[in-house]
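Each chain is listed here by its residues.
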Amino acid sequence: MSGTIRDEAAIVGMGSTALSSKGGLEEDELTLACLAISAAIDDAGLEPSDVDGLALFDMESKREVEVARNLGLGEITFFAEVGYGGGAACATVGHAAMAVASGQCDVAVAWRARKRAAKSTRVWSQAPKRLDDSDQWTRPAGLLRPVDEIAMLTRRYMHEYGVTREQLANVALTLRRHANRNPRAAMYEKTLDLDQYLSARWISEPLCLFDNCLESDGALAVVITSAERARDLPHEPIYVHAYSQGLPEQHQIMSNFFCEDPLRGPSHAAARRLWANSDLKPHDVSCAQIYDAFSPLIPLSLEGYGFCERGEGAAFTEDGGLDWDGGRLPVNTSGGSLSEAYVHGFNHVIEAVRQLRGESTAQVEDASSCLVTSGECVPTSALLLRN
Amino acid sequence: MESGWILPDLSNEATRGFWDGCAEGELRIQTCSDCGATRMPPRPMCPRCRSVDYGWTAMSGEGRIWSFVVAHPPLLPAYAEIAPYPVVTVELLEDPMIRIVGGLVGGPGLDAASVDTKTIEIGDPVHVVFAKVEDVTIPRWTGAKWA
Chain A
1 MSGTIRDEAA IVGMGSTALS SKGGLEEDEL TLACLAISAA IDDAGLEPSD VDGLALFDME
61 SKREVEVARN LGLGEITFFA EVGYGGGAAC ATVGHAAMAV ASGQCDVAVA WRARKRAAKS
121 TRVWSQAPKR LDDSDQWTRP AGLLRPVDEI AMLTRRYMHE YGVTREQLAN VALTLRRHAN
181 RNPRAAMYEK TLDLDQYLSA RWISEPLCLF DNCLESDGAL AVVITSAERA RDLPHEPIYV
241 HAYSQGLPEQ HQIMSNFFCE DPLRGPSHAA ARRLWANSDL KPHDVSCAQI YDAFSPLIPL
301 SLEGYGFCER GEGAAFTEDG GLDWDGGRLP VNTSGGSLSE AYVHGFNHVI EAVRQLRGES
361 TAQVEDASSC LVTSGECVPT SALLLRN
Chain B
1 MESGWILPDL SNEATRGFWD GCAEGELRIQ TCSDCGATRM PPRPMCPRCR SVDYGWTAMS
61 GEGRIWSFVV AHPPLLPAYA EIAPYPVVTV ELLEDPMIRI VGGLVGGPGL DAASVDTKTI
121 EIGDPVHVVF AKVEDVTIPR WTGAKWA
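Quick note, the sequences are listed as chains A and B, same order.
Per this note's numbering: the first sequence = residues 1 to 387.
Per this note's numbering: the second sequence = residues 1 to 147.
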């Protein structure tokens, strides 16, 4: 017994509905969840009756019982919900892998289903009028939306390290070029250049429209089972090599301006355990799918996960640093949340599986491992996958 | 004009000392009665010594801008009315690890529209002013630059 879950479990199936950012999808979130999970079970070459573990976001509107009843699942012996929105995607897969590796279930499903394309569904616009939680230290002042909180951190990041808007644009433009290769991406047919970026309307200065992710409808799911069982299934197993969550000291959900070092985010905490439990080091990784609700989260995460030193994440994006073809680290090869779809970062897990199966539309040559991260700035999680 | 703003619930025992202070024109920071450590945001237990006994220390209300944003629509209707508006995070002069978020205004009783947002810089000196919104008094920040 190694003491870790290293390569003990594998992703053996993945499924997705259409991802729509304009006009949305007709189906409700439960139907979308069931369609994505159903597709993932089929992709794995398994039956609904094989599934006995479930891992999901605690923000899912329809939970274990509804999903199990609709899909006709059998007896479930493991179920777990993960909090903190965009920090949860990798953790759902990680919890499923831990449950499989420790014998709590044999076949687990992790998923995210979400309808956010309609403007009326914005979470921030539904804030209660009276706050009893940590939001009371920011909302009354006018930091209403996640973008306002990240903009506050970004301004400080730019000040401390001389980060420029052109460097943030590198993130947005690289991911757009990746989306332009991906027919599933909302921005497949829309190019973006630096002039468009620099002249775009502000959302929360210093962040403009193109620093913000899309808002999308869609559902995505993966199936996880033991490495041993995976070898008998149709697809090449994608092993969960390492997994970690990260909640740093004195953290607050997102507007973390109240701790000693706000620019040292949750990725630093997750990275420590992730690399400690891995045979790989950052320079070994073939590509990365990094949570990108906002463009500055990518340079901050590059620092947190050790691809560069603190303050060097923005410079890392220069000279095609994130490009799928020849970049220092190919990042978000499907277009990510900025240009493919925003499904709370679960599309990053799916794109990692595609890369490691050799099926990406921006395929990294001989991709053998992929880092997947969930939201920087919220309590987070990360996965190292390999084939 | 300001109804529709999102405001704190004043019934929470651990946080109301801060809001009571604002209502009385003082910036009060939660302070551990046992080890003397200040903490913000307020909470029931001291993370340094685990004491649950605390008091409130009045600060001068002088600080420096640690960071800032200028928010543009889409915003909730009450906030959209004054957009684009600046919001600053301020570190207190006496205790720079204590940071407080608030609107930046041209002076007491003035709103955000009185500030030329292009002139704001990190490090600018500011001092607290208080504004009553419905039944709550919230802190805001102003400075000589915008007077």
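Accuracy of the hints is not assured; some may be wrong.
To be verified - To be clear about the criterion: a stretch of chain A counts as covered by chain B if any three or more of its residues have a C-beta under 8 Å from a C-beta of chain B, and this derived list gives those stretches: (1) 124-134; (2) 147-158.
Stated by the list, open to error - With a cut-off of at most 20 Å between alpha-carbon atoms, the simulated EDC-like pairs for lysine to aspartate or glutamate come out as follows: (3) Lys118(B) <-> Glu26(A); (4) Lys129(A) <-> Asp20(B); (5) Lys129(A) <-> Asp124(B); (6) Lys119(A) <-> Glu81(B); (7) Lys115(A) <-> Asp132(A); (8) Lys62(A) <-> Glu8(A); (9) Lys129(A) <-> Asp95(B).
These are computed hints drawn from the structure, not numbers from a lab.
Ideal Cβ placement from N, Cα and C applies to all residues, glycine included.
Query raised in the report: Taking only the CA atoms, is the gap from Lys129(A) to Asp20(B) under or equal to 20 Å?
Result: Satisfied, since the Cα-Cα distance of roughly 19 Å is no more than 20 Å.
**Report entry** Restraint status (C-alpha distance of Lys119(A) to Glu81(B) at most 20 Å)
**Finding:** Within the cut-off at roughly 19 Å; holds.
Query raised in the report: Is Lys129(A) close enough to Asp124(B), meaning Cα to Cα at most 20 Å?
Result: violated (32 Å)
Report task. Take the C-alpha atoms of Lys118(B) and Glu26(A), compute the straight-line distance between them, and say whether it is at most 20 Å. Result -> violated (44 Å)
Query - Coverage of the stretch 147-158 of chain A by chain B (three or more Cβ within 8 Å) - result: Satisfied; 6 residues make the cut.
Report task. Measure nothing beyond the straight line between the CA atoms of Lys115(A) and Asp132(A); if it is 20 Å or shorter, mark the hint as holding. Result -> violated (27 Å)
Report task. Below or equal to 20 Å on CA atoms is what counts here, so check Lys62(A) against Glu8(A). Result -> Answer violated: Lys62(A) to Glu8(A) is near 30 Å, above 20 Å.
Query - chain B covers the stretch 124-134 of chain A, three or more CB atoms within 8 Å, holds or violated - result: n = 8 at 8 Å, threshold three: holds.
Query raised in the report: Has the given pair, Lys129(A) with Asp95(B), been kept, meaning a C-alpha gap of at most 20 Å?
Result: Between Lys129(A) and Asp95(B) the Cα gap is close to 31 Å, so the pair fails against 20 Å, i.e. violated.
Figure legend: structure checked against the earlier numbered hints; hints not met, in rising order: 3, 5, 7, 8 and 9.
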